[in-house]
Structures are given as C-alpha cells and as structure tokens.
Amino acid sequence: RRKPFLEGLRESGWVEGQNVTIDRRFAAGQADRLPALAAELVALNVDALLAAATPAAKAAQNATRRIPIVMADPGDAVHLGFVTSLARPGGNITGVT
Numbered sequence: 001r002r003k004p005f006l007e008g009l010r011e012s013g014w015v016e017g018q019n020v021t022i023d024r025r026f027a028a029g030q031a032d033r034l035p036a037l038a039a040e041l042v043a044l045n046v047d048a049l050l051a052a053a054t055p056a057a058k059a060a061q062n063a064t065r066r067i068p069i070v071m072a073d074p075g076d077a078v079h080l081g082f083v084t085s086l087a088r089p090g091g092n093i094t095g096v097t
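Letter by letter, the sequence shown follows residues 1 to 97 in my numbering.
No wet-lab data here; the hints were simulated from the structure.
It cannot be assumed that every hint is accurate.
[What the hints assert, rightly or not] In silico DMTMM-like pairs for lysine to aspartate or glutamate, Cα to Cα no more than 20 Å straight-line:
1) K3 <-> D73
2) K58 <-> D23
3) K58 <-> D47
4) K58 <-> D73
5) K3 <-> E16
6) K3 <-> D32
7) K58 <-> D32
8) K58 <-> D76
9) K58 <-> E40
Assemble the whole structure, with the sequences as input and the hints as a guide.
Here's what the structure looks like:
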C-alpha cells in the first residue's frame with residue numbers, strides 16, 4: 001500500500017524528504033496501541049493522517065476532529081459511523097479504495 005501512496009504523492013509534486021515529511025506509526029498487530037499512536041501524531045500537529053485499516057481510522061477519528069484523516073480501503077464508511085453520508089460526509093474524514 002505504501003508504494004502506490006508515495007507514487008501518488010510524487011505525481012502531485014510531493015516528494016518525501018524534499019517537500020513533505022511522512023511520520024509513520026505502526027501498531028504491529030496490537031490494536032490497543034492505536035489510540036496512543038494517533039495521539040502522538042496529533043501532538044506533532046501533522047497536516048493530515050492516513051489510516052490503513054478501520055481500527056486505525058477509528059483511533060484517528062477519536063484523537064482529532066481538526067486534522068484531515070484519509071482512510072485506505074474504508075469499507076462501508078457510513079455503516080461504520082465514520083461519515084454521515086457518502087454525498088455529504090461532513091467532518092474531517094474521507095476515504096480511498
């Protein structure tokens with residue numbers, strides 16, 4: 001997943017190490033770590049968060065209502081409670097598949 005993400009950034013003029021910094025956090029299969037990891041990134045005052053799985057997206061959403069969050073492969077974002085509707089998601093969260 002990381003390679004296509006970085007390629008997409010590059011195509012948009014963003015190159016890691018040149019004009020964008022990517023701070024990565026990994027829970028290593030320990031979902032209970034996700035809230036603390038999300039809080040770390042929020043404390044860094046990042047410009048956006050990318051959540052690669054539903055539990056990570058939920059932790060990010062609980063950590064901030066201000067920083068934009070992009071969910072990778074979000075599933076049914078309405079059913080999961082991330083957005084109010086696909087036509088008008090509202091809030092600070094969106095997704096890509």
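Results of checking the hints against the structure:
no. : hint        : verdict
1   : K3 <-> D73  : holds, 15 Å
2   : K58 <-> D23 : holds, 19 Å
3   : K58 <-> D47 : holds, 18 Å
4   : K58 <-> D73 : holds, 13 Å
5   : K3 <-> E16  : holds, 12 Å
6   : K3 <-> D32  : violated, 26 Å
7   : K58 <-> D32 : holds, 12 Å
8   : K58 <-> D76 : holds, 13 Å
9   : K58 <-> E40 : holds, 15 Å
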